[in-house]
Every structure is written in structure tokens, then in C-alpha cells.
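Protein chains: 2
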Amino acid sequence: MKGKKFVYLFNEGRADMKELLGGKGANLAEMTRIGLPVPHGFTITTEACNLYFQQGRQLSKELEKEIFENLEILERQTGKVFGDKRNPLLVSVRSGAVISMPGMMDTILNLGLNDDTIHGLIEGTNNPRFAWDCYRRFIQMFGEIVMKVHSYQFELILEEVKKDHGYKYDTELTAADLRDIVEMYKRLIRRETKNEFPQEPKEQLLMAIKAVFDSWDNQRARVYRKVHKIPDDLGTAVNIQSMVFGNMGNDSGTGVAFTRNPSTGEKALYGEFLVNAQGEDVVAGIRTPLPIKELEEKMPEIFDEFKKVCKILENHYRDMQDIEFTIEKGKLYLLQTRTGKRTASAAVKIAVEMVREGLISIQEAIMRVEPSQMEQLLHRRIDSGIKTEIIAKGLPASPGAASGKVVFDADEAEKMGQNGEKVILVRTETTPDDIHGIINSQGVLTSRGGMTSHAAVVARGMGKPCVCGCEELKIDMDKEELSTRGLLIKKGDIITIDGSTGNVIMGKVKMLDPDLSPEFQQLLQWADEIRHLGVRANADNPEDAARAREFGAQGIGLCRTEHMFMGPDRLPVVQEMILAETEEERKNALDKILPLQQGDFEGIFRAMEGLPVTIRLLDPPLHEFLPNIEELLVEITELKIRGNDPKKLEQKERLLKKVKNLSEFNPMLGHRGCRLGIVFPEIYEMQARAIFQAAAKLIIEGIEVIPEVMIPLVGHYEELRIMRELVEDTAEKVMKEMKIKIEYKVGTMIEIPRACVTAHEIAQYADFFSFGTNDLTQTTFGFSRDDAEGKFLHHYLSKKILAENPFVTLDQKGVGALIQTAVDLGRGTKPNLKVGICGEHGGDPGSIEFLNKSGLDYVSCSPFRVPIARLASAQAVLKK
Amino acid sequence: MKGKKFVYLFNEGRADMKELLGGKGANLAEMTRIGLPVPHGFTITTEACNLYFQQGRQLSKELEKEIFENLEILERQTGKVFGDKRNPLLVSVRSGAVISMPGMMDTILNLGLNDDTIHGLIEGTNNPRFAWDCYRRFIQMFGEIVMKVHSYQFELILEEVKKDHGYKYDTELTAADLRDIVEMYKRLIRRETKNEFPQEPKEQLLMAIKAVFDSWDNQRARVYRKVHKIPDDLGTAVNIQSMVFGNMGNDSGTGVAFTRNPSTGEKALYGEFLVNAQGEDVVAGIRTPLPIKELEEKMPEIFDEFKKVCKILENHYRDMQDIEFTIEKGKLYLLQTRTGKRTASAAVKIAVEMVREGLISIQEAIMRVEPSQMEQLLHRRIDSGIKTEIIAKGLPASPGAASGKVVFDADEAEKMGQNGEKVILVRTETTPDDIHGIINSQGVLTSRGGMTSHAAVVARGMGKPCVCGCEELKIDMDKEELSTRGLLIKKGDIITIDGSTGNVIMGKVKMLDPDLSPEFQQLLQWADEIRHLGVRANADNPEDAARAREFGAQGIGLCRTEHMFMGPDRLPVVQEMILAETEEERKNALDKILPLQQGDFEGIFRAMEGLPVTIRLLDPPLHEFLPNIEELLVEITELKIRGNDPKKLEQKERLLKKVKNLSEFNPMLGHRGCRLGIVFPEIYEMQARAIFQAAAKLIIEGIEVIPEVMIPLVGHYEELRIMRELVEDTAEKVMKEMKIKIEYKVGTMIEIPRACVTAHEIAQYADFFSFGTNDLTQTTFGFSRDDAEGKFLHHYLSKKILAENPFVTLDQKGVGALIQTAVDLGRGTKPNLKVGICGEHGGDPGSIEFLNKSGLDYVSCSPFRVPIARLASAQAVLKK
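Going down the list, the sequences are from chains A and B.
In this text, residue positions in the first sequence follow full-length UniProt numbering: the first is 1, and each later residue adds one.
In this text, residue positions in the second sequence follow full-length UniProt numbering: the first is 1, and each later residue adds one.
Chain A on its own, in the form it takes in the complex (with noise of 0.2 Å):
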């Protein structure tokens, strides 16, 4: 190891050794070497920190030799001695790891300090009471870091002081109190350690550096290091910085600023600073700061130099800076830079000016815009600087917040809803009987089911926010009234829901509008001419397609056809189908549906004019539509002991029984998709009746339609054979009738793992594969997301079994292997078999990356997640 360069200069070193230096120390050297104010300094490498642990926790004598000969160059650079009784040199100890890292030892202050050189600070301020204050912080810092003395035994005797003098503040202590206070916190130190504080800066120094280090294998920080995948063997780098001082008259201050509003990303300073204070005096909170616009007035041309400096560090990084600085006796010093976090909004206006101002690319304006951030930018959502009170929390099921009456009923939903009140749909769970009280509420809260629950479906499909599986909430039906956190709330009461995060909140809040700023709108144009894969919506109804396709949708990838038999208007004909007893009565039933569903299809086509729709034949089992069986079975029992009405009685046993013969043990795993088109083809008959019915009613109209019809659940390709068959067969008898030619495709989703690993059979008889990636996970996984979601799967996240929730994020390893396998047996099949991605993954920009990667040609997501979905397949080319 002799010979290697353990230590650097802040001059020695640039941005881009931040492995070697840490963030902070790259960024001080960066600074230094473009000619900024920075104070002097050196960086201990983390290089040197790896070797201090190979050697048992020792620093070499190799390394001590090449500090202290840094310290002579720093000695020589601010013209002040360490040690030195009348000009000692101060300097801060801080980490700076290549990732920032809590947990770990952060900043010692003011050493150098000792009961000799504290005379030289004295004379050197002509200000005893600070002089003696940093050198009380300084032991109590060092003390507690180092020595390893616990905080709280300092803080105890300085509040007997405190006490004894009758002070309430700290500024209320005098030189001799705190010179008092320092001898006190010396025999401590003494008494708890069985060692003196050290008087020796240097050994004060070396002590600092080993703590720095040893901080890096403290416990938090190997847990957080082991959680976020960093590996042990980065190590720490060490700053070792001359001090100055911001407290030093009016002419000195100290501040933090963005270089431009973090906020709305204006492009104006935005930050804070105090005059005559260090940082510390900051975060105590006694005095307020004063907004940087004012440094202007108060210091003139330290703000004139720092606008420069701002204009400089942000055209040498590219990027909106967060910088820290101080002012000393009228010289403005630099204590740290780093790229500012900002809000999406920001990051999107920053991204985009910046582009226009030939500061960046547009490659770079792409990826510097966090898609999954945006999400806030695309619904209602609650204003983030405003204090709510929290009732409870549930799955955060369908984005977005909104406030309203409490409902427990959804026929009352619905006509406070058609009154014009905002109300919340409140119940244990919903069924279809409760599709009308939804449409008419602002938003829905349920204590049971999970993600893919009744209530968290049609709320995403609606676009209204929902919080699903609150089991805090117990919920009193008859009684109309929940209680939560020993609250109880009535019917009538208002509250908030937050989609997004899950929360329930007490009372009305204050809501933002979507943000689809012109800066947006450029940066997604942007992204569509860099992207490859294709960005649909998945939409029911003509609503959602129109909102799709404004926000950029190319087609709708999937088009659910159950929610149209769920309308109130609907779903008695549809419960007539299914207790059909003769195929006659079902056929009738099936032609009551028919005109319903075509006029459906119609405002999708026609909201779609000229773009793809894809949409899937009846997936849900049948039993969905029923009336649920334990309020069946309450109803009869009570029936049957009342005695007094044996018809009603039979009538509810008759509907019980067949309601009992179709309901399944899994039904997530029962007879759905597909297989009800196999053993019922006239409903799917039906279906593509509809289809191509409004098809060629609008080709008539001159609109030009492209239906593409996919069939559910296939996991053998006969499946899909005799499918086909049955939607070509219907096509065909339309286009005779209406003597017109329909352009179409058949294709299917593939969402069990036999359709991936047979999917070279399959891709014969099918123009397009669309991956349901929430089936697929669920059969993959052999999770029930619903019984996950509520048993056990937070325990996996939180015991980081599977680092993400595999329902939101692709679970690449497992079920992204199974897409791979099927995408490349299809294509061997079909070369240009067209494949797309229709689970809510299409709309997770991780996800996206890894679908690019697969060879997708498009991906489908909610409307909302759109632009996300271009923003992130755009970033997964640029990544790639």
C-alpha cells in the first residue's frame, strides 16, 4: 500500500473522484478547483477508510504521516497553526460517504480547540462568550461521538446551570457560565470514561477520523446499507475543513439556497439566511431567517458575488444547485453543494428551460424527471404544506383525494350525488348492486378487500380515488356510523380520502388541481420521438378513452367489457341471463344485452377514431353478478323463523341454491375468461356481435374503426382455436349483413404461466399476445392478491423477502422470465407477433425499463399513467 495517495487537497481533487473522495468531498474539491470560495481542506479517502478496517481498526502510520503533513499545507493555506495559542486553526471533521448514508457520524465542529488555544479564538473574536460556546459544543460533540458519552448526560448539566441561574434560553448564558460549563462536561467525560477529553488537536483529530470510520460499520448503518443494496466495502471518506465562522457581527451571516425554486422551478434564488449566526442557530429555530431576496439589501455585494457564484456552480453542473455558504467578517465562504430535490412540477419546468437555455439535452431534460413523481401531477391531491389530522389508514387502492359526506348506502350516494353533494361512499365492501352509489361519489372507502377488490377496480377504472381494506374503521351498518382511533363518525360527517397514500382524514382539505403545464406537454412530446414502445389506455367507457387519448394514448389496450354489465340498468338482465333456466330464456336475455353493449362499443369507437381497441371478451366468473350468498343465507334464515311469507321464502332458496352451485372455491382460478366462452359461446357470440355491429355502424359513418378482440385466460391453444373460430364466424355473418368489410384482429392475453411456456403453440392463432401482468404475477407467485395484500404481504415487504410489492413493480426474475420465454416463443412462431403489456404494470415506469428490454411494442396502463408510461419508455431507451 506504500506509496498510494490516501489523502487530497480540496485543489487536488474533481467532481467525477467521488468514489475515491464521497459526495461531499468531490463536490468541496469541485468547487475549489473552479476557482470558488471555499475554505481550505482535505479529504481523507475511502480507499484509506477500507484499509483502517483491514488492519483491525487501525490507522497506519503511513496514513497519520500523510494527515498531518496536509495539515502543514492547510496551516500554510489559511496562514493559522493547529495548537497554536494565539492563531489556531479550527477545523470541522465531517463524513462524506459515495452514497449519503443516516446512521452514520455526521459533523464535529471546532476542533482544534483546547484550554489553551481557546485564548487565541478568544483574542482572534475579541468575543469570549462565543469563544467559550464553541468550545462547550465542541466537547459535548466530541464527547458524545467519539468518547462515546450519552448526549442526554450533557444536556443535563446544562440545564442545572440553566436552572440554577434561572435562564430559559441558552443565548441567556454568560462567558463564565459556559467556561463553567466546560470544565463540568471535562470531568464527565472523566468519570465516564475513565479518560480525559484529549487537550492534543491532534490527537483530537486522529480520535475524530477513527470515529468517522468506525461510524461506517455501526449497526444502522450496515442495516441500511444491507436494505438498499450498498455494498460494506464503499467505505467513508473524510473532510477535514477549516472553520469560519458566520457569527461574527453584522458582517458575517450564514444561509442555504436553491438556485432556482425548488417548489414551482422558477428560475429565481430561493433560500434563506441569518445575519450574525452559524448554521446551528438555523435549525434552533429562535431566530427567523430572512428570505435570501433581502441579502440584496443587507449585503449588496456578497449577494451580487454569490448570484455569480449560484449562476456558476449551476452551468458547471448542469443542474439546479442546493447550497450551503457563509459569510465571515464580509467574505462569503462555500460550504457545500449538491443537486437541489425538487418537486415534479419543478423538475419539470427546470428540465425543460433548461433544454431551452442550451444548458442540457433533451436525452438529459428526460432523464432527469422521475416519472413515477409525476403521478401527483396527474391527480387531485391533497396540498402537501397543509397539517391534517390522519383517522386511519387502508391500501392506497385508486390516486387521488377527495372529500365528501360520509354515505353508508349507496342508493343515498347516488341522490345527495345527483343533489350535487360531495360525498364518500363508505362500506365493509361493495358489490355491483353499489355501481350506481360509486359513480355518484366522490370517492369510496371499504375496510375489506385489497387492491383488486370490487371497490379498488371500478374506482381505478373511474379514475375516483379509493382506499380499500381500512380495517381500523369499524364499520356499523345499521347504526350508519364507523368508528376509528376512538373517533366516531356519522352519516353526514365530512372527510378526505387519499388514494394515493391510503390515508382518511378528518374534515375537508385543501386540494391542487392536475398540473399539465406547458413544460409538461413539451417534455412528453420529447419523449415520444425518442421512445419504442407504443403507450395505450386501458378504458371502459367513452370517458376514459377521451381522457386517455388527451393525454396521449395511442389506442386503448384493454377495454374491459364486465363493467358494462354492471350498470343498474344492466345487471338485472344480466342476473336473467345467468339463472337462465332454458337455453331460450338465455338467448333472450343475451338479446336484451346486445343493443346495451354495441352502443357501449360505439362511444369507444368513436372517442378512438382512427386508433386500436382492443377489447376483452367477458373475463369475470358469473357468480360476480349474483346477490352476495351470506346475506342470502341471513335473509332465509330469518324467513324461514318469521314464518310468514313461504313463497318469498322459496323464491330466496331457489335464488340461494343456484347462487351456491356457481359460486367457487378460487375463484380467481375458476370458471372465468375463456373458459366461460367455451361453455357458454353465446355470451361470447353475443359480444362479438356488438363489436363488429358498432364497427360497422361507424365505418358506415365514415369513422375509421380498429377493433382488435381479445380473448381472456387462454392457456391452451385450442382454447384459442375454437375462440377464434367463433368470433371470425360472427364477424363474418355481420359483414354479409351489413354488407361492409371490418378490419380486425383476434389475439389473446396471456396471464397464466402454461400460456408463456406453450406460447409457440398458441401464437399460431393469435395476431397479438397482450400480457395480464396481475393474473400472471398471481399464478406465478400462487398469490391471491387480494389474500395477500390483506395477510401476509406486508410482512414479506417489510421483512424484505421480496424487496417490492410485486403487484405494483414486475417481479423480473420470476414472472419477467416467463414474459421473455413467451415474447421469444412467439416470435419464433410469428416473427412480427405484435405484443403488448395491459396489467398495471404497463404504467410503472420499473416495470417499463425491463418490457422495453423484452422486446414489447407497447405497453397499456390507466389513463392517468399515460404520460408517466411515455415519460419512462422514453428513459428505457435512453438507459438502454
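Careful: at least some of the hints might be erroneous.
No copy is singled out in the list; a pair is fine if it fits within one copy or between any two copies.
Within a straight-line C-alpha distance of at most 27 Å, the following computed DSS-like cross-link-like pairs (lysine-lysine) qualify [stated by the list, open to error]: (1) LYS657 to LYS491; (2) LYS148 to LYS853; (3) LYS640 to LYS474; (4) LYS491 to LYS587; (5) LYS658 to LYS490; (6) LYS474 to LYS658; (7) LYS490 to LYS508; (8) LYS741 to LYS830; (9) LYS652 to LYS640.
Calculated from the structure, these hints are not laboratory results.
Following the hints, complete the assembly by docking chain B onto the known chain A.
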């Protein structure tokens, strides 16, 4: 095509020319070749058939010529002349496909008869009635098969003539009557077809040949081929053979015989014959055939000759033969030989004895026995010779048959069973509360639930017959009666259930005991020497383990621990554990279960001394151990309305809440398997402790114990890593406490698709994999077995969307592909990874062949299927 030979005389062909000559033709040729007395004849090849279709259903002139050339040879061989008035050659025309196929034309006899040659026959036989009857039958067969006149029209004429004369039987018809009928038949043909019945024998012949060819392409044959995947271009051969007559007096006769007893396998001629009769007379059933032995008395020389012929044929074909023969005026003729069908026990006996006789090799013997047929030897079964009254049909859920009194209540079943009465427990479905009733019953019958319903699983585990999902049954629990097919069956009535067929039978039926003959043992011993796959058994208790060992199991591949939780002494404690409100309550309950579990394991380890025992930790969701939600609901509603027991109501409501909390939408994909172990590690810890304490105790006694702990439902390696750690920690503790060393393995069930595609990761923490193909099939197909079998699987099978039930025979393309992936990935990580299967496919011969090829180390199946698996494993090696 010129120069190609399309017609082979019997003395030109051989047995191995089956593809060209069809099965029947090849065997006739072979018999001729080895000098056996076969009436002369020739075969028109299958290639001629294919050419016939290629030429638009035309017989080429060349073919006709070749046929007539061979006919001339036949005339010379027989000394008769085709169409000759005095000494006419009569022939039979029969189809003869390579694979015999129903729906094809079978046989025309007596071809060559016409208004002239009839006189030659009369003179030759001196029997006008016989001759006219021959002619009458010929016209009828020809008219029906070749000229397509409906058979009922011929029957009508026959019936009318009999009515006119007041006859009851055909035999009463005189020669004159028959001559009249001949004329009426000819008129019928003329009227119906506008064509004369052809008088020219050569024309008759060509027409008959064309009819055989045409029948290859008729609707029924085409459908049959499609279903059985027989290629359409195999074609059929046509056999033309000179007629011999067994009805020419008391020195004539006809019969059918097997060279060994096809029922028992005994080495003795078996069959029957009729003197002075033709085959048809046997079919008509007017005269009772005599046992073949009596031929010895009636025609001793013929009998001797026949015995010799049988021996020659058996030696020649090296298998038991099924022979048709005719004796014409003291001369024996063979008309057909083929390999005889036989019962399972005969198959075993014949195969083993033929090895001992030096006739076949051990390998051949093993291939001669159909493993799936052997199942009938391993359970008590209904004597197939007995006529039974089937009153309902359900799912064959657990093989074997049982008779007993119908009982509707588990407590009553227990009481009666313990009093020595034989009862069948009848329930809509069973729950853990019924276990004591099932234990004390002969078998279980349910009206709901599929092959994996509680009743089915428990019954299979106990080796008790079970018919479930018998939806025809209307069970009235209150009245304690059931109705089916118009019958009413009350408590105490005797029924029989056949769990191998799903039949429910009225009354008591005679049963046969399982047959483990010495020959069977010998055959299995031979199989053991050949097979590569180990064979283990799935057994949950010492009795089953002992039986499995008796049947040759080399270990337990799956010991389910949940059935141990269901005993009536345990269930209350298990419920206590599940319903525990505090950690302490749960711990207390587990402490009570521990010694019981330990006792279970001691019993099994003892029974399997020296052999490995794979114990699966708890798998089913906890709610399976709790009362039924619907029953609770009814109870609560009753209590509410009656309002007379508020305390009980409150208690029941609390219970309902807990049950609802634990209930799941899709239990199959819910909180079960290792997901229980992750969330409630104390349960798995208790089980591990029970296993190791049991092992330690026996080891101290000097008994060799080889425990293998199996973690169910692993989908992610982290699950296995954590559970393995828990098992290892527990083992360490027990070994320390008991001061003993225990050798054990820890592995996992591979039963969800994600485990297959990430097997390389999982293998890091597994000593073994065991495929749980039941669940793997469910997740790969996205089928819930219970729902699929109840709702749509029959549809899929009858429509041939699936060729086989994937829960019975492994789906090689889908599930098999995932298995192969898992084996390859797992062995990639650990080349010596032990891999087995414990799903029900482990006992299915069709699946075993695939599993052998996939490189598995062992299969595990129910004890009764162990012999089947041993045999099938040997066959798999021989087939490979």
C-alpha cells in the same frame, strides 16, 4: 404405380407386414406361412386403399386385374370355381386396418352366391335350407353394407314372413320360406336403389372391396381417427378368404378359444364351441355353447390338433392368443388369431409364467402388464361379474369399494362404527368436525366438492373409498334422507360406493379382496432391478406407512402434518391456537400440540426404520381448521331473532369475526404453506421440535431414523433460507438438549411456477426438491381443481380441448416444461440435488415415463399405487 404389388396371397405375407396387410391379414398370412390350416385367401393392401382415394374412389384396371389373377390362384388352391354352378367358390370379404377401428365395414360372408351358384351349394351340402339361408344372409349383408339399403327394411320382411307363418324363431323358417325371402330381398333392393342385386360374382366382389375402402372414409371412422390421433393415410386392407362352414353336420362346428385363461391366467385352454353351427349362431344366443374341454369328448382328434395349434401359436407369437376356428366336416380351420385381452391378474400371471417357461424375457414380461390396470388388484373391488343397480354417479375420489348403512351424522357414524356396524357416511361436504365419523365409516359419499375436497383428501389419506361431488344426490340433512333418480334412501338403508368409478349402487354388492399374488411379487421384484426411479409413498400415519413399506415403498415422500391436526382430540387445541388473542395463549396451545405431534412422528419413524421420511410442515390455511362461516351465520341469525341467549350470541359473533378475518377469497393462493411459517414461525418451530425430539428418542432406542423436513409452497429463495434457518436452529437446540446427533435434510416442495423459473436460486438452500404437481398443475393452468372439475373440466375433456385430465396425467407441454426447467436450473446450482415428486402424478404410469426422462430421483404416491409406480418406472427405463 405400375409394377407395384397390391395383392398378397396368404402364403406370400408375414406377421411383420401389418402396415401393408392390416392386423388381420398379416396374422392370417403368418399362420399360413407356418403351416397352420387357414382357409386360402389373399389380402388387398392398404396402399391399394390409399391409391383408391387418390384416384377419386376408383379401382384401377391394374388392381382389378391383379385381384382376378389371385382369385384364379385361389380357385386352384381350393379346387372350386368362382361363379361356378356346380362347385362354386364362396368367399368372405373383411376389412383389416392396421389398428382395428369401430365404424368401419366389418364382414360380408358367402360372397359369390347368386341364383345359379346357390344350386351348387345345395348340391354340395345336400342342405337346401342351409344354402338358402346363406343366400338370404348374403343379400341382406350386401344390400345393407354395399348397396346402402336400411337394415330395418330387411328385418321388416323377415318379421312379416315369420308372422304370416306364425313362427317365433328364425330357425322355424323352411327352405321354401327362405327362398321367398330371397326374392323379396331382391325386389326390395331394386325398389330402393333402382338397381338389381348383382348376380355376377366378380361384380359382387369389386363392389364389396370398394365398400370396404369407402368405409375407411365414413364419418364415424374419421371422427374415431381424429379422436385417437390415428393418421388418415394408414388406409385399410381387404381380406378375401374362401368360406368354410361349421354348420355342415355333426362333424362340423365353430368356436373361440384363448390359449390361457384370460380371467385367471391359468395355463389351460379356455373357450367355447358349438357343434354344427356358425359364428352367428353363437351370437344369436339360441343354443348354449359348450366349454372347449368338451371338444375332447366330441372330437378327440380335432381337439388334439387344436391343442397343438394353440401351442404353436403361443410359442410363435410369444403371447396368449385369442383364436377363432371352424371345423368343416372333420377338418379344423383357423380363421383368426390375435393377442388376447386379459384381466390384470391374468396379465401378471401369464407374463411371469412365460418368463419361467423361457418363452419371453423379463423385460418383455414387464412390458406386457399395463400398470394402470393393476390398480384393480390393489383395492377391494366390486365383482365385475355381478349385475348392479347404479343409482348415482359422482367423482371417483378415493379408490376401492365399500358397502354399508347410510348415516348422515359423524357422531352417529362413530357410534355405529365402534359397535361393529358397517356404515357409509353421507354428507353434502365434510369438514374437520367429521373426521371421527370418517374414521369409523367404510367409506364417504358427498354431494359437493371435487377431487381435493376435504372428504376426498382425508379418505385417500386413510385409503378409504370415497365418492364425492355426487350432485345428483339431493340430501335432506334434517329428514336424514337422500333422493336420487326417483329413489328415496333413508338412514340405515344399505348402499355400496365404488370410489374407483364414482358409482353409487343400491344394496350390498359382492366384493373381491386385493390380490397380491406371488407372481405379482415376482414381477415387481424384476421391475425393481430395472428401474432407476426410487419409489416412495405418501403416508400420514404409521398404518399407512407400514402398508406402503409392505408394498415396497423405499421411504415416505410426503407425510402431511395437517391431518394430524384434525383428529377429534386435537382440533379443539388447534382452534385454541388459531383463535389465541395473545402470544402467550398461542404458545400454550402449541405446547399442548407438541407431544401429540411428536407421538405421530415416532410412530411413522418406527414404521419406516432405516428409510427416509419426508415431513411437510403445515400447509393449509388456518381457516380450514375453523367452523364453517355459513353455519355460523345461520346460527347467529337464529340467536338474534330469538333473542334468548345474548351471551352465546356474543360469543358466536366474536367467533364469526375471527373466522371472517381469516377467511380468504382464494384459499388455494392464500395464506398457507411457508407463508404460515414466515408469519407464525412458532408453529413451524413446534413442528420441527416435534420431529427432532421424536427422532432423538428413537435414535436413543437404537432405531435408525432419516428425517427430511420439507418446506411447502416456496416461491422465493428467501422464504426457504429463513425457514431453513429456523429448522436448523431448532435441530441444534434439540440435539444439544438430548445430547445426540441427528442426520437430517431440509428441502422444499416445488409447486408454484415461480419456484420453477428461479430454481437455481432456491437450490442454494435446498437439500432436495419435491414437485408438488397437484398445486403446480393448478397454478400453471390457472385452474382451481375443485372448481374446474365441478364446472368446466368435463367440457374440456369431452370437447378434446384437453386430451387428458391434467390432474391425473401430467401435462407434459406446460407443467412438464416447468418441471424440466426446475430440474435443469436446480442441478445447475447443485449437481447432486435430489429431486422427486409427491403429487398424485407420482403414481400415474403415463406421467412416470416423463418423470423418468426428466431425470428425477424418485416418485412418491399413495401406498396403494406403490406397486404400480414400481412397474411403470421399470417400463419407463425399457421404453427409453
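Consistency of the hints with the structure:
| no. | hint | verdict |
| --- | --- | --- |
| 1 | LYS657 to LYS491 | between (35 Å within a copy, 24 Å between copies) |
| 2 | LYS148 to LYS853 | neither (51 Å within a copy, 65 Å between copies) |
| 3 | LYS640 to LYS474 | between (30 Å within a copy, 20 Å between copies) |
| 4 | LYS491 to LYS587 | neither (43 Å within a copy, 42 Å between copies) |
| 5 | LYS658 to LYS490 | between (37 Å within a copy, 26 Å between copies) |
| 6 | LYS474 to LYS658 | between (32 Å within a copy, 14 Å between copies) |
| 7 | LYS490 to LYS508 | within (15 Å within a copy, 66 Å between copies) |
| 8 | LYS741 to LYS830 | within (25 Å within a copy, 59 Å between copies) |
| 9 | LYS652 to LYS640 | both (11 Å within a copy, 20 Å between copies) |
When held up to the earlier numbered hints, the structure conflicts with 2, 4 and fits the remainder.
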